[in-house]
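So the sequence lines, in the order shown, correspond to chains A and B.
First residue of the first sequence? That's 29 in the working numbering, and the numbers climb one at a time after it.
First residue of the second sequence? That's 29 in the working numbering, and the numbers climb one at a time after it.
Quick caveat, the hints were computed from the structure, so don't treat them as lab data.
The structure presented is a predicted model; accordingly, all values stated were derived computationally and were not measured.
Errors might be hidden in some of the hints.
One copy or two, either will do: identical chains are not told apart, so a pair holds if it fits within one copy or between any two.
As the list claims (entries may be wrong) - Keeping only pairs whose Cα atoms sit at most 25 Å apart, straight-line, the calculated SDA-like set for lysine to any residue is:
1. K39 / H63
2. K371 / P61
3. K551 / V410
4. K371 / W247
5. K39 / E405
6. K371 / A80
7. K517 / Y44
8. K386 / A80
There are 2 protein chains.
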Amino acid sequence: MNGKYEAGLGKRRANYTPLSPVSLIRRTARVHPDHAAVHYGGVSRSWSETYARCASLAAALRSRGAGSESTVAALLPNTPAAVEMAFGVPMSGAVLNMINTRLDAAGVAFILDHGEAEFFVVDSGLAEIAAEALSLAAVQPVIVYVHDPAAPGEELEGALEYETLLAEADPMRDADMAPGDEWDAIALNYTSGTTGNPKGVVYHHRGAYLNALANAVEWTLPHHPRYLWTLPMFHCNGWCFPWTVAAMAGTNICLRAPTAENILAAIGASAVTHLCGAPIVLNMATTEAENRGIALDSPVEVMTAGAAPPAAVLKRAEAVGFRITHVYGLTEVYGPAAICAWKPDWDELPATERAALKARQGVNYTVLEELSVRDPETLEPVEPDGERMGEVMFRGNVVMKGYLKNGPATEEAFAGGHFRSGDLAVMHPDGYIQLKDRSKDIIITGGENVSSIEVEGVIYLHPAVSEAAVVAAPDERWGETPAAFVELKEGCTATASELIAFCRERLAHFKCPRLVVFRDLPKTSTGKIQKFVVRQWAAEIDGEERRLASG
Amino acid sequence: MNGKYEAGLGKRRANYTPLSPVSLIRRTARVHPDHAAVHYGGVSRSWSETYARCASLAAALRSRGAGSESTVAALLPNTPAAVEMAFGVPMSGAVLNMINTRLDAAGVAFILDHGEAEFFVVDSGLAEIAAEALSLAAVQPVIVYVHDPAAPGEELEGALEYETLLAEADPMRDADMAPGDEWDAIALNYTSGTTGNPKGVVYHHRGAYLNALANAVEWTLPHHPRYLWTLPMFHCNGWCFPWTVAAMAGTNICLRAPTAENILAAIGASAVTHLCGAPIVLNMATTEAENRGIALDSPVEVMTAGAAPPAAVLKRAEAVGFRITHVYGLTEVYGPAAICAWKPDWDELPATERAALKARQGVNYTVLEELSVRDPETLEPVEPDGERMGEVMFRGNVVMKGYLKNGPATEEAFAGGHFRSGDLAVMHPDGYIQLKDRSKDIIITGGENVSSIEVEGVIYLHPAVSEAAVVAAPDERWGETPAAFVELKEGCTATASELIAFCRERLAHFKCPRLVVFRDLPKTSTGKIQKFVVRQWAAEIDGEERRLASG
């Protein structure tokens, strides 16, 4: 520190601020105070109003003891309260834990307990499942009830009204807002891993800030985008888009239920310019538009991830007026961290070639240091020949801090100096990656990750089941659906519909198999089920067999 | 560090990389290897070629001993070598010191010595002044000679050819590239302060990275912009645009001499989409287009700073096809750090109102934490009434580390927790700032800062001069020009042209007064010259008086 380029040239208040998304809303509230921040049904609030509400939320949380080790859990659809959580909680210094609203009560309870929730913010329409989760959970968080007239629900015992909480304290002053360190945790997002218990992915302020800006850079967002919330904000904090929309002084068009009808209506009524979602959302909206003979007044940019939309869907969607950008990521990398960066030359190619190029997951986001495909043993990059498979690995500032209270999983994920995604891919000669097989044990249905191992665990509970393998079967509506291949115990019987009902009693519905096939399972010499064979079966299931399997 | 959100969740290779512009070119070289990075005359090089050349430069510098305390000085016009400096030097870990090519030899020598230059990269067209500077300087840097056929010059004694240097070593491997810490110095830029000796502003990798991305976000840059280099790269590292253009995989259209003719020719020949420059550049290009009856084929975005273009110029420029964005900054804040963020509503206003709004310096860049106007004594923000004056202050991650080897100036600039610009402004009720008086002692002529105190110092050397005050006079061509008001010693005589010639022998030409007026100077009771009165005189100088003063 004695060299001429260091001496007297250290960090100080004037030249160093911890990177945080809190800065983004603060600036927009000052520069564009009257610009609409949120639209939701009849509610419309400006950026200055939204900022004041977030600052009030922060002050109330702080006065009730929230600090950097506090978890604020939230079970909310894409309402204005969810947008406010994305800022108010980080301002207070606490950690935001948006919980998947499609989980069952046991799943929610596990998360409340594992995250040690001190606050639990619940939408009225989700009060029932929240109450059940609270009855199962050991923690006793402060319960905050967000009353939405669009979805009235039962009152929650001992709950505080959200608006009452906001009125409890004067808005927090700018200078009091967290973080003290940009490495401080900002969010906790549970992911279904390949084991039954979800893992809690911890984000920091630095990564959230950088990915928020990166979304704007990669997508070349204009100022004042009108952003429709079809992607749930509980997925990787809405891929960091609450923060991106604030940075660009856009408007959050909130949507409680992203049905095809609602999406099309919102696009028309709110002059939507951008939206994100799983391919199923694109597919649904496209089909609805076609059925109603609607073409969009002006193009809507769609960022989609999960699986690549097939050529036919791309073509149809573009005909309606959607312009598709394909991104890729995981909860562990703040949502999208890779993008199929489009090259102007490709515009000239025939539609099928364009679709094949767009189906690739592509290259690292600008703020991600490195996206690579490597041999999982040696960590050597695979040959970029489009054929050799390896594991997708991420390295850089938009990779999580690690898994909460799970040292072994964190160390395993980071072993070798990269985040190991578990996804298998090839590297093409032009440096673009393409997924070839997702982590073997994950099924993506309607944009949600389902752990096949978790589902198998439930099926094994059925007294008639001897062995079971759950894999992804293609599904026109959901992209994929869990399919169970089951060997029954000698002398036992069960039907497909019986097993499906059995699962629905014990699992969130989206996790339950929609297909159950009874068949002897292929095994290795050591008795291990050969899942690749089962996957092949699932890929081919059709016609009468499919009908039978649906129960 | 024992809380659940810290334990086992520290920084590691997988999730932390020091922010640096080096990452930006590395990614673009991989993702868009064949896209043109630079065009210059007959030379065109792709991003992969440019990256390889930068990595070779870095390796050669490193093998010759460059490290984090090494200064690489460069006297270069906007050629491809200047673009390569912006990456090759930081990759090596050394600090890039781009020197103003309009300085005189003594000015260059001062900088070489003060920065302790270990390398000095010189364009052939600037060899003469470099040789003179070297003869005056105490340091004995390694001299690197960039031969440009467009401007052949004398050989420099003992100089190494740039291409020979590049060939000396294999390109540096990615893993060996600096920085180790994002706070490491990346660049050194000398600014004329209010005292005679320039101050060396030190930038860090973190700020350079953030402002590079911010330029893209603020200007909503598309991918692959075609960026014309009219702004000298020695001004705040070209406002960080070498790094921005790399981030967006654009093309640097280099231009040795940004004359009106060359600018218009380049726009036509190279399909330029974006350029930056002082208002004089805009004015020149507009006038040239008008004279030749040219309208641009497609609009060119122009980012301009320094002084607001008057309404008439704005209108004429827009008629030709230029779209103007007004930014504001100083060397100490990486170039532009404020922007007159445009509001869609304003498009509807009459032209003069629009020009008045656009003339304001505006609001903080997204990556700048705070832009404020404060009482310089109490540091209290002034009333946002558009009338009360205060000092413009900056705070955040795009504020310099400080001044090199100048503790007192650094402490003074940062006193109170903000960078104090010395510029005077008002804050409008809508939160936009407007400069009312620049730092009293700086004159901006043709986009260059001139210290009035430095010029006065030279005038005082003249034996006939008793007292002198140098202030800005309005100038149609240069925006402002230095005007000297001089009181002669009793019984002495001198003419305007004599004094101008006297200055030209001792100062870079752009710093010399173009007007000299002989007159008794107004003084306070304690004998201090009342500069505000002199400024008023200069504002009003006209007609016959102006002709006389021109010598």
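Now the hints, each set against the structure:
Taking the closest pair of Cα atoms, K39 and H63 never come within 25 Å of each other, the shortest separation being 35 Å inside a single copy and 38 Å across copies. Proximity of K371 and P61 under a CA criterion of 25 Å is satisfied inter-copy only: 12 Å between copies versus 37 Å inside one chain copy. Taking CA atoms no more than 25 Å apart as the test, K551 paired with V410 passes in neither setting, with 29 Å inside one copy and 78 Å between copies. Taking the closest pair of Cα atoms, K371 and W247 come within 25 Å of each other both inside a single copy (13 Å) and across two copies (21 Å).
Taking the shortest Cα distances, K39 and E405 sit within 25 Å of each other only across copies (23 Å), while inside one copy they are farther apart (41 Å). For a Cα distance limit of 25 Å, the shortest separation of K371 from A80 across copies, 22 Å, qualifies, whereas the shortest one inside one copy, 42 Å, does not. For a Cα distance limit of 25 Å, the shortest separation of K517 from Y44 qualifies neither inside one copy, at 66 Å, nor across copies, at 51 Å. In this assembly of identical chains, K386 and A80 lie within 25 Å of each other by CA distance neither inside one copy nor across copies; the values are 42 Å within and 29 Å between.
Of the hints listed earlier, those the structure fails to meet are numbers 1, 3, 7, 8, in rising order.
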